[in-house]
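**Student:** Here's the letter readout for the chains.
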Amino acid sequence: MLRSRIVGSIAEFFQHLMNGLTLGGIYALIALGYTMVYGILKFINFAHGDILMVGSYIGMFAYNLIRGETLGPWTIVAFFLSMLVGMLFSAVLGMAIEKIAYKPLRKATRLAPLLSAIGVSFILSNMAAWLWGTKSRKLEYPFDNTPLQIGGVAVTPHQILILVVVVVMMVSLKLFVDRSRMGKAMRATSLDQDTAKLMGIKVDRVIAITFGIGSALAATAGFLIALDIKVYPSMGTMTGLKAFVAAVVGGIGSISGAMVGGILLGLVETFGVALLGIPYGLKDTIAFVVLILILLVKPEGILGKAEKEKV
Amino acid sequence: MVSFILLILIYTGIYALMAMGQNVITGYVGLLSLCQAGFFAIGSYVTAILTTSAGWNFWLTVPLAGLIAALFGVLIGLPTLRLKGDYLAIATLGFGEIVRNILNNWDSLTNGPMGIQKIPMVRFFGMTISPYRKWGFLIMVWMFVVVGYVLFKRLAKSRMGRALEAIREDEIAASSMGINTTQYKVWAFALGAFSAGIAGSLQAVFTLSVTPGTFTFMVSIMVLCMVVLGGMGNFKAVVLGAFIIQFISYFPQLVGLSNVIPPQFKQVLFGLILVVMMIWRPQGILGREVRGHFGDGGKASVLPKGWKGLAERLHGKPAKKGGGR
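Chains A and B, in that order, are what the protein sequence lines are.
Numbering (the working numbering) for the first sequence: 1 to 311.
Numbering (the working numbering) for the second sequence: 1001 to 1325.
Don't read these hints as lab results, they were simulated from the structure.
Just so you know, not all the hints are guaranteed correct.
As the list claims (entries may be wrong) - A few chain A residues facing chain B, derived, Cβ under 8 Å:
no.: 1; residue: Ile118
no.: 2; residue: Ile123
no.: 3; residue: Asn126
no.: 4; residue: Trp130
no.: 5; residue: Leu241
no.: 6; residue: Phe288
C-beta: ideal position from N, C-alpha, C; glycine also.
With the hints as extra help, turn the sequences into a complete structure.
**Tutor:** In structure tokens, the structure reads:
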């Protein structure tokens, strides 16, 4: 009796752990975009969540176009191809937004790019509602999504897909930033823009590419969760906000921080609802309580460096 | 038609109150707050609940609506305002959503998505100020705006106004001059919330019912647009901005094209206003008011050419180097 209860609660624990990890992985992917842009420009890209939404729409359109009727290997290939389309579109969109709405404001006051970003975010979400309607659209699973029982834990193929994609994306991003020439240029730009420019780094290009990568990652995350939450014009708002909280928790500006913060926030949310009995309706509030707490206790985040403002 | 124009003017007044509050936060201190809608909602619900279930007089609920909104302002402001301004934007964005979330879910107090109906009309020395007789209501709303305007102008010229502007120009310099920056920022934030709360109170007795659906993020964006379009740091300009934005907002109905122009059109337009103003005219239509030194405080945008450069050097923002620190 007791034994079975302990086994049961261990299984339950792993169940929540699994759910938390997948949710956290998604937050982490989105948080990377915020943190990379912040690292270089010291600016919060409010339109990030809406870029995610547009990417998901484009991916969904591509997917509905090329997927056949029957599930099979082709639907999975089609899924990844559409994801790529969404990523590319978002990357281009992100770079275009940077060029039009943020670049002219790089020398302006701190407030100017923030206001411009809010404007862009509002334009994107309302354009989407205008063009594509406010109704949420379902994205069909590319595979049979019946949960697999692994040691008493129900794991859906969708969760496995999310974990695999998230790990692949994070590892390749980390390698790109740490090993490649462009990654080195990014790190240099984020350390000191002026010096980087003097060393012959094309700072404008580095910034554009940063926006492109961040937007593509957001689109990936959006397309992955769209299987669960459907696609609708304001889908990026709350998710984007929470991902930002994740970036702050991990230490904004730090790439590993975004990963850690994302996973942590996913776990806190899942376990908060499951174990602490926080009502499901207030689930979205948890992230903001976490934000306020971290700002009070350790404003630079877990992996961030405390920044002294220079005169 | 006349009645419709009066309606727009009433909303202009209500929003002008909110926009003046936003102007203190964004125009004077240079912080981005995105939850005027949240404070507006709190003010509305305070009046709605107290006048219906508690049977209070409207005039008693007005200051209370402002104070409770301000209290919430302090609660979000205290942890976030100690840090750099960017966090405030996110925290306030989240707060606005949470307020709506709670209003939707706390059925016993707010009656959930149905909202509160049958709010009694305002009585003023035996007169009933009915929202159906728009002239009377218009006068009442604009009395509030005038009083708010005068008070805010006084504030801007006071020690506090100067401190706020000093914080905007250079926070480190301000604090080394002995200005308690966090304390002033929290005060400014609370003031902004206060005026939004009072605007909410007026909204409640104008529509005679409140529902959570009224207080969307759109409201905050509209208020922000009013400040940016008119001119940050200039209360007259902000009222002008309120006029323009409200007329844009009701334009389709005004010309009878509301079934041709989709509702998203104006919202895209608001977004465009923010972006375009930031790129081409960040000081807004009227520009910031420049204080003192030139006698009566002429406006930056109307100063003669030679003076303008001088004014900018004295009051405008120094060109900041992008990034790197």
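**Student:** The structure should be examined with respect to each hint, and the outcome stated for every one.
**Tutor:** Structure-based check of each hint:
no.	hint	verdict
1	Ile118	holds (6 Å)
2	Ile123	holds (4 Å)
3	Asn126	holds (4 Å)
4	Trp130	holds (4 Å)
5	Leu241	holds (6 Å)
6	Phe288	holds (4 Å)
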